[in-house]
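K.L.:
One-letter residues, chain by chain:
There are 2 protein chains.
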Amino acid sequence: MPNELPETMRQIRSLVKASGTLELTIASVEMPQPEPHEVLVRIEAAPINPSDLGLLLATADVDTATTSGTADNPVVTATIPPQALRGLAARSGQSMPVGNEGAGVVVAAGSSEEAQALMNRTVAIIGGATYAEYRCVPAALCLSLPEGTNPADGASCFVNPLTALGMVETMNMEGHQGLVHTAAASNLGQMLQRICVADGVPLVNIVRRPEQEQILRDLGARHVCNSNSPSFLDDLTSALVDTGATLAFDAIGGGRQVGQILACMEAAANATATEYSRYGSTVHKQVYIYGGLDRSPTELNRNFGMTWGIGGWLLTPFLGKLGSEGIVRLRERVVAELTTTFASHYTDEVSLAGALNLDALKVYARQATGQKFLIRPTT
Amino acid sequence: MPNELPETMRQIRSLVKASGTLELTIASVEMPQPEPHEVLVRIEAAPINPSDLGLLLATADVDTATTSGTADNPVVTATIPPQALRGLAARSGQSMPVGNEGAGVVVAAGSSEEAQALMNRTVAIIGGATYAEYRCVPAALCLSLPEGTNPADGASCFVNPLTALGMVETMNMEGHQGLVHTAAASNLGQMLQRICVADGVPLVNIVRRPEQEQILRDLGARHVCNSNSPSFLDDLTSALVDTGATLAFDAIGGGRQVGQILACMEAAANATATEYSRYGSTVHKQVYIYGGLDRSPTELNRNFGMTWGIGGWLLTPFLGKLGSEGIVRLRERVVAELTTTFASHYTDEVSLAGALNLDALKVYARQATGQKFLIRPTT
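The listed protein sequences correspond, in order, to chains V and D. Here numbering that gives the first Met the number 0 is used: position 211 in the first sequence is 210, and no number is missing along the way. Here numbering that gives the first Met the number 0 is used: position 265 in the second sequence is 264, and no number is missing along the way.
It is worth saying that the hints were derived from the structure and are not from the lab. Treat the hints with care, as some may be off.
The list treats identical chains as one, so a pair stands whether inside a single copy or across any two.
Derived EDC-like pairs: lysine to aspartate or glutamate, alpha-carbon spacing no greater than 20 Å straight-line [what the hints assert, rightly or not]:
1. 361 to 62
2. 371 to 358
3. 16 to 274
4. 361 to 60
5. 320 to 173
6. 371 to 152
Quick caveat, the model's predicted, so the values are computed rather than measured.
Same shape as in the complex, but just chain V:
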């Protein structure tokens, strides 16, 4: 390990106390030493994705957050609702590092050939603890980026790109002809729209505001339905008749929209049916909930026949089903189209301490479409 590296490094930690308090801090920990098959990455950019917030915030109410400590070493505390504490018992008392993915430069490498080959390369990594100055990972987990790649462009190589590609792969695996996507103007939704244009996949986007509609139309979207429009259900049904889409990915979770999508799919299926079926259409209609922007209960009126399914969808089990050849194929596409199809846009850049600033925290905790934070731990 080169001499110039410091002996310690800083890392964001999230701690759930048995008393029901969340505590966020920046810990100073020993600099890791790479094993023969590992590399040490100096993290230059790590995104705050919705999928990071569960571990970081532990469902704490950010409106109760207060801060102490110093500007460089803030200590944030917030209250966790009592009903959520039971589900957090397994992490209670453990100070946990956070951050699913990021990008940086390999500054030290283990003795293996594979690790040495990555020395000084810019790489993207996944696997947790990226909200830190450094992260030691197996060389095999690194995605080596082309010479000259800006680490900020490589920070979001995994979660959003693989999720968007995973939606299209799932559609093909499960025999559907098109997709529906909610909260569709998000970074991920824009990637999905670009993939669908490139691959000729029929896509129905659902957004909540006219300006979000425009973002997607500018990317070539044919179907964008605004859920706040009085004609939403008719618009959605007609887009579903047009596309034949019977699979939806929903980032919201709560409320009535999941059921509305199934009901409109059923209406679309019946619009082309030739005879009455007492149990509804025989077309399988599926919604996967992959996010939880709305934590309120999901309410289903079940006005969509008997041939339907709803389920949770997560990237990791999907990749397990896809298999290693498929994963390599998707990773290669992400690298090849990093600054086009898979370009991410960040509205705010913050340091590690900046990520624990109360004003910033309240913004990214809201998960509003269009707001996206990038942590810059070492720049």
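With the hints as your guide, set chain D onto chain V.
P.N.:
This is chain D only, laid out in the frame that chain V set:
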């Protein structure tokens, strides 16, 4: 066709008028003539199953029902809620025969060997229009019952027995280790309990009243949870830990119970987990909704991680997946265990006209556990 058969026969009909009125009548129709491959069955017994009520009552509000006509030829009218009319458009104006299954005696047969072999046999049939004095069906659809079988014992050979067997088959097909069943003291639930005892399948029954609990315990049930007990969620979780059941069949549909079952399955999975997983357990938890005793919305709090599914379950598509060898295997078991495992109990026997009596109609429309009607069209 023998001379002694009348020229016409009586048949219950359900008509949805575009105005939003349901009309139930007894039509007099021409006696069908069997084609070479068909037989004519004199229906002696046909059950009123929950799965018949959708077609019969068309979601009409039975509290608005009024009757006219004569005692022998009643005409029942009732109001269909406006929001349900759209889904009924495809059957509007068509007078539809009703009744999924039944049993009776073959009184005329087509010229084929297969049809002739059934002459004078007692058979069980499925395929609609069994709330009638006679029904003409392909010989291949008849389940020939052992000499001396009481038609009342054969009336419910298909829907409940194949559904109960289908639950266990689905459990095996989808790799689960045990079952959960709601509204478990029903005729179907009792069959399922007997199957599970015989086959050594762990079963968790959910009921609403202590006397229902006792019915199942008397059949050898090890796990019966009362959803009205204050300790219901703890009782259910502990039964799930004990059985490892991760698949539920739900007859109710509405309310919070589907979500509670998933949450207790998740708690049971986590009770044996060794480390915290931010997205919940990786054990797949599934609920199939196969009935709609409660038509109110399904409310999901989604406090059960990300590895879960909910869907509709219907007998016909399941049998399609099972294939013809499997169907033959299940049918043979039903005949062999007709008066034991698959025994049904009826609280009321009515004529065709009696089935349209307002007092009777209001009772069976309620689908209360323990109340079961048998129509006797010709006895």
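K.L.:
A separate judgement is required for each hint: does it hold in the structure or not?
P.N.:
Quick rundown of the hints versus the structure:
Proximity of residue 361 to residue 62 under the C-alpha cut-off of 20 Å is restricted to the intra-copy arrangement: shortest distance 8 Å within a copy versus 52 Å between copies. Taking the shortest alpha-carbon separations for residue 371 and residue 358, only the intra-copy value of 14 Å comes in at or below 20 Å, while the best inter-copy value is 63 Å. For the homomeric pair residue 16 and residue 274, the shortest alpha-carbon distance between copies (17 Å) is at most 20 Å, but the shortest distance inside one copy (60 Å) is not. For the homomeric pair residue 361 and residue 60, the shortest alpha-carbon distance inside one copy (10 Å) is at most 20 Å, but the shortest distance between copies (49 Å) is not.
For a Cα distance limit of 20 Å, the shortest separation of residue 320 from residue 173 qualifies both inside one copy, at 12 Å, and across copies, at 16 Å. Taking the shortest Cα distances, residue 371 and residue 152 sit within 20 Å of each other inside one copy (14 Å), while across copies they are farther apart (66 Å).
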